[in-house]
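Starting from the structure of chain A, add chain B where the hints point.
Protein chains: 2
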Amino acid sequence: MKSIYVVGIGPGAWEKMTIEAHEALKACDTIIGYTVYIDLVKDHYPDKEFLSTPMRKEVDRCVLAFEEANKGKQVAMICSGDAGVYGMSGLMYEVGEKYPEVELKIIPGVTAALGGGAVLGAPLIHDFCLISMSDLLTPMEKIEKRLEAAGEADFCICIYNPSSHKRKDYLQKACDILLKYRSPENVCGYVENIGREGETVKVLTLQELRDTEVNMFTTVFIGNSQTKNINGKMVTPRGYRNV
Amino acid sequence: MKSIYVVGIGPGAWEKMTIEAHEALKACDTIIGYTVYIDLVKDHYPDKEFLSTPMRKEVDRCVLAFEEANKGKQVAMICSGDAGVYGMSGLMYEVGEKYPEVELKIIPGVTAALGGGAVLGAPLIHDFCLISMSDLLTPMEKIEKRLEAAGEADFCICIYNPSSHKRKDYLQKACDILLKYRSPENVCGYVENIGREGETVKVLTLQELRDTEVNMFTTVFIGNSQTKNINGKMVTPRGYRNV
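If you read the sequences in order, they're chains A and B.
Throughout the first sequence, residue numbering follows the numbering used here, covering 1 to 243 in sequence.
Throughout the second sequence, residue numbering follows the numbering used here, covering 1 to 243 in sequence.
Source of the hints: derived by calculation from the structure; they are not laboratory data.
There may be inaccurate statements among the hints.
Put simply, identical chains are the same to the list, so a pair is met inside one copy or across any two.
Claimed, not checked - DSS-like mimics (lysine-lysine), calculated; alpha carbons at most 27 Å apart, straight line:
| hint | residue 1 | residue 2 |
| --- | --- | --- |
| 1 | K228 | K2 |
| 2 | K105 | K202 |
| 3 | K202 | K98 |
| 4 | K173 | K142 |
| 5 | K173 | K73 |
| 6 | K180 | K168 |
| 7 | K2 | K202 |
| 8 | K98 | K228 |
| 9 | K2 | K173 |
| 10 | K105 | K228 |
| 11 | K166 | K105 |
The structure displayed is predicted, hence computed values, not measured ones.
With the rest of the complex left out, here is chain A (with noise of 0.2 Å):
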């Protein structure tokens, strides 16, 4: 049976992709992603074939897979962190249902939630929710209702998509919303550029965090209200009594 790889490439630097991740790029013909995620892995595998479509050409994408796969190639599909959180996995399945005869393959990788909290310490240890703040596909009512959810349920928290061109002030509301349920002093912290070059990395309070203007490739973290900073690091203990 025709397979494609759908492949999860880690947040950055290409050590931080799986050993399988790497195994199936190696296997394959034909490479297909977005055009900043090809260039992250490009030079690891120069023999094979790279293919791309432009950003929100998402499911263009996808039928390329398809086509390709059905013209005999081994296709493997990347994307950035996890293939299966805000990933390609998902619309694959949606768009392949047209292409019963190819089946899909896979293979997670490291999501910006876990690459940034090992680089912020431990921020993410107990419960926590991911929310993107892109309502692009969904209702921002939607997504301020999950953050009251999450807000007011103690949950560690870690924002994506914090802010774009035409979204500058969404963190703002993001925290503002959180402040309802918690300090002011609620630990937190954010990484830019997650092991690529010019990773930087910030922890700080909510109330500072309110007042910080983030760009684009950054992901956010929020503590819930056990969480410490440590010597510079945001760590998270495992439950709510004492070790």
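The following block gives chain B in isolation, referenced to the frame of chain A:
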């Protein structure tokens, strides 16, 4: 400066480890971890020293790591999945306050939510919560509050530790809470022994999940209101608008 690697080895099979994790294990003298995880990696690093402490002796295990590092050994502390998701990195920072001369290098890995998600299809494509049902260190009221919040705000949910010898009915309790907010037909799934021998996978409805007994090696997935069963795969769309 002395350092300890805290390494997430992924959900099971060795290939699901990152290249960075493999490099760290190759570079160290001593690998410390719970015996089950040591057994998963042992054959790949035959020339290393392996040390362990019994289950629930996590603080002793951390102290052991720092003491060995202080003897001049390069130590790697391993955890299954990711080092920072219910992993050892948080406790290592807490215990490490007494060992300021030792730096921690956290190496992230694929946690069961991502590894299991890849087996099921694409259950966590959109905003999700990770909740552990273990009430050893967290009061049950807190866990229930989080299930309520996640249910109401239409998050995808991944449940860790859904069952144990003493907590046979916890998953049923969790499903009963979610059924207050979700349809009995809400698409769900679970994976046993992710990436290991005996891996089994099942896609089913929330009502069916409620009436299923899972074991302690199981990771459970609850879709959001948009999650679909596409030819036996659990697939969550990217948002609430048409593709």
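Structure-based check of all given hints:
When the C-alpha separation of K228 and K2 is checked against a cutoff of 27 Å, the pair qualifies only between copies, where the shortest distance is 23 Å, while the shortest distance within a copy is 50 Å. Only between protomers do K105 and K202 lie at most 27 Å apart by alpha-carbon distance; the minimum there is 17 Å, versus 37 Å within a single protomer. In the homo-oligomer, the alpha carbons of K202 and K98 lie at most 27 Å apart only across protomers (23 Å), although the nearest pairing inside one protomer, at 46 Å, exceeds that limit. For a Cα distance limit of 27 Å, the shortest separation of K173 from K142 qualifies both inside one copy, at 14 Å, and across copies, at 26 Å.
For the homomeric pair K173 and K73, neither the shortest alpha-carbon distance inside one copy (47 Å) nor that between copies (48 Å) is at most 27 Å. In this homomeric assembly, K180 and K168 come within 27 Å of each other (Cα to Cα) only inside a single copy, at 21 Å, whereas the closest approach across copies is 36 Å. For the homomeric pair K2 and K202, the shortest alpha-carbon distance between copies (23 Å) is at most 27 Å, but the shortest distance inside one copy (46 Å) is not. Taking the closest pair of Cα atoms, K98 and K228 come within 27 Å of each other only across two copies (16 Å); inside a single copy the shortest separation is 50 Å, beyond that limit.
In this assembly of identical chains, K2 and K173 lie within 27 Å of each other by CA distance neither inside one copy nor across copies; the values are 47 Å within and 42 Å between. In this assembly of identical chains, K105 and K228 lie within 27 Å of each other by CA distance solely across copies; the values are 18 Å between and 40 Å within a copy. Taking the closest pair of Cα atoms, K166 and K105 never come within 27 Å of each other, the shortest separation being 36 Å inside a single copy and 36 Å across copies.
When each numbered hint is compared with the structure, violations occur for hints 5, 9 and 11.
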